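Quick mapping for you: the protein sequence lines, in order, are chains A and B. Under our numbering, the first residue of the first sequence carries the number 65, and numbering increases by one thereafter. Under our numbering, the first residue of the second sequence carries the number 65, and numbering increases by one thereafter.
What the hints contain is simulated information worked out from the structure, not anything from laboratory work. Only a predicted model underlies this, so the values are computations on that prediction, with no experimental measurement involved. From the three backbone atoms N, C-alpha and C, an ideal C-beta is built for every residue, glycine too. One thing to keep in mind: the hints can contain errors.
[Unchecked claim] Anything over 10 Å on all C-beta distances counts as not near chain A; from chain B, calculated:
| id | residue |
| --- | --- |
| 1 | Ser140 |
| 2 | Leu186 |
| 3 | Val250 |
| 4 | Gly251 |
| 5 | Glu345 |
| 6 | Glu354 |
| 7 | Ile360 |
| 8 | Lys391 |
| 9 | Leu413 |
[As the list claims (entries may be wrong)] 35 Å max Cα-Cα, derived DSBU-like pairs, lysine-lysine:
| id | chain 1 | residue 1 | chain 2 | residue 2 |
| --- | --- | --- | --- | --- |
| 10 | A | Lys336 | A | Lys416 |
| 11 | B | Lys412 | B | Lys336 |
| 12 | B | Lys205 | B | Lys274 |
| 13 | A | Lys239 | B | Lys239 |
| 14 | B | Lys391 | B | Lys336 |
| 15 | B | Lys205 | A | Lys239 |
| 16 | A | Lys336 | B | Lys239 |
| 17 | A | Lys205 | A | Lys288 |
| 18 | B | Lys239 | A | Lys205 |
| 19 | A | Lys424 | A | Lys412 |
| 20 | A | Lys205 | B | Lys336 |
| 21 | B | Lys274 | B | Lys288 |
| 22 | B | Lys288 | B | Lys336 |
There are 2 protein chains.
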Amino acid sequence: MIENTLNKSAGKALSVKQKVMAENKKPSRTEISEYGEFGLIRHLTESFAPRNHSTVRAVGDDAAVLDMDGKLTLVSTDLLLEGIHFDLSYFPLKHLGYKAVAVNISDICAMNGVARQVTVSLGISNRFSVEALETFYAGVKQACDEYGVDLVGGDTSSSVQGMVISVTAIGEVDKDRVVYRSGARVGDLVCVTGYLGDAYVGLQILEREKRIFQEHPDVQPELKGNELFLERFFHPVIRTETIQLFADAHVVPTAMIDLSDGLASDLMHIGKASGVGAYIEEAGVPIRTETQLKIIEEFRMDPITVALHGGEDYELLFTVSPKDLDKVKLLPNLFIAGEITPAADGFKLHTKGGNIHDLKAQGWRHF
Amino acid sequence: MIENTLNKSAGKALSVKQKVMAENKKPSRTEISEYGEFGLIRHLTESFAPRNHSTVRAVGDDAAVLDMDGKLTLVSTDLLLEGIHFDLSYFPLKHLGYKAVAVNISDICAMNGVARQVTVSLGISNRFSVEALETFYAGVKQACDEYGVDLVGGDTSSSVQGMVISVTAIGEVDKDRVVYRSGARVGDLVCVTGYLGDAYVGLQILEREKRIFQEHPDVQPELKGNELFLERFFHPVIRTETIQLFADAHVVPTAMIDLSDGLASDLMHIGKASGVGAYIEEAGVPIRTETQLKIIEEFRMDPITVALHGGEDYELLFTVSPKDLDKVKLLPNLFIAGEITPAADGFKLHTKGGNIHDLKAQGWRHF
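Kindly generate the complete structure, drawing on both the sequences and the hints.
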């Protein structure tokens, strides 16, 4: 800044380079790592105050909520970068196209909404052929067909870097049925729509095979018996049916999120947004028996740790008032895993052995 | 494919690597360069048929058009990649944040709509400090403030590559006022909302200064007298006022697009979508006198070439029925540059000297 002023006072024009450097670099430097993933975006956006009456809810939930004088419009967006969110060496392009769309539909579900449209933009280097892009778009189309959404925009442009995927999903929900992260109340039940940990196991298998292949290119990895885990990692089942069942059963969850980071981390998102605490019963966390065996025997880990912190399951985590218990119990694939408590009680795990541990947010995001 | 089948018939499991390669690589290879920018996205998306009644218009215009049982919702998205769409060595981060939002608002204007919300997602490497991100977001905020839009979503994630910016703008328009590229009719007037070529001159100056700096780091570039051009490149004026004036004057253009690629290329987008041709009168193309002098004296180019192919001006190009001429004439900064003709007449330039040339689409996109 001093350099800038001195140059100006000397009546000398600043070079473009100097001007850019003066604007891009400030004297103090705070590392991005000093903020967490969620802290950073909150810090950067906290000065933005909504001014349009159509903006119902802005940054901070699974999707933005807009009121265009009819049903509420939901908008969710995701930017996926090669080397950060996905690894092309083991992620087939068709699966990648599928999952990029599917996880955005999952964000719309997490607001109790129905996804209607997506936009998909791609940045790709010339090493990709048109056929490779067609394969990616075949996956996009499969997700659009399965979940009944329309592709309504997007673009492809060349990238001098790795592959970049940007997806925006648009959905709708009746005004009296929208569900935020912030509605959980003390005494509400904490529910999960399916088994946890499978996707994490799938990812671990893929990373193990990649390491083996890199070290011993002649060894044929054995994938037999692992199809379920790979399938759950590549093709998460998005719980659009659950949203329909909520509507049919006339139930509105009090809070909801999709399990992308892991049960512990995502439960704490709900808890913090709602100003409450929660406990999880280890006995209530749904993990398949074969998944438990795989985790223990091959990866030497504790199954509950994988279920709490694994992420990528894309099941729905929601809270519901005890008065709606009878309606909710009838839903298929539903597991009651815990209960909402006062904020002062924090976030706890009640183990099968009768111990109580603090839950920690060790969420990760590895597409 | 043969390898794949052989492996299977030998009863041998395919390695993950082989499976991925089999899915990612197909025997034939078509280079992306064989399709143009617009041909590629059309090719990749032509098999997607809309199925939701809320999808009014999908891929192929400035924004998608959705009907959420109220006003129409407009959605436009842009993926901007360092090294392709912008060059950080001369693009200050604050201007970059501003322009990334502004050009998406421009897409909403091009549908005759009013932008209400944006989402901004960033991929950035650790070489960026939090202060650098704050500078970028200060530009985002300036654009949000100037154009009255709300930031409602987005995310930041680390990138092992260059900087990646993804912006989605959401807007609204009354059902009877939405304007597509496809509505131009023979005899309609071709209009432009302001002077052309300034942004291209600004970019040329920046690239020249960059070259000089790279070759002679000790030379101080002279930027005095070029502020207008740099300003028009960094801070395009988005014509939200024109949209308001259309409403006040009870005029609905027959077709509209924003000038990002250049007058010739963007006029041909309208012409092809509408099934018509058009001519441009060289005498009717608005170029400032000082811009003409700069182009001729410093860049040794023909001003009309820059105006036709320069791009980045973000003025609106629209067509209007001759019966609305009296209403349109009253709008400030309005220039009538040509007329819509039958498709068989193609796209022409009528020069000041009385000659007729074919217009060519030499659009480029260099943010």
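Status of the hints after comparison with the structure:
no. : hint                   : in the structure
1   : Ser140                 : violated, 7 Å
2   : Leu186                 : violated, 7 Å
3   : Val250                 : holds, 29 Å
4   : Gly251                 : holds, 31 Å
5   : Glu345                 : holds, 32 Å
6   : Glu354                 : holds, 19 Å
7   : Ile360                 : holds, 23 Å
8   : Lys391                 : holds, 27 Å
9   : Leu413                 : holds, 28 Å
10  : A:Lys336 with A:Lys416 : holds, 26 Å
11  : B:Lys412 with B:Lys336 : holds, 14 Å
12  : B:Lys205 with B:Lys274 : holds, 28 Å
13  : A:Lys239 with B:Lys239 : holds, 22 Å
14  : B:Lys391 with B:Lys336 : holds, 27 Å
15  : B:Lys205 with A:Lys239 : holds, 29 Å
16  : A:Lys336 with B:Lys239 : violated, 41 Å
17  : A:Lys205 with A:Lys288 : holds, 28 Å
18  : B:Lys239 with A:Lys205 : holds, 29 Å
19  : A:Lys424 with A:Lys412 : holds, 9 Å
20  : A:Lys205 with B:Lys336 : holds, 27 Å
21  : B:Lys274 with B:Lys288 : holds, 16 Å
22  : B:Lys288 with B:Lys336 : violated, 42 Å
When each numbered hint is compared with the structure, violations occur for hints 1, 2, 16 and 22.
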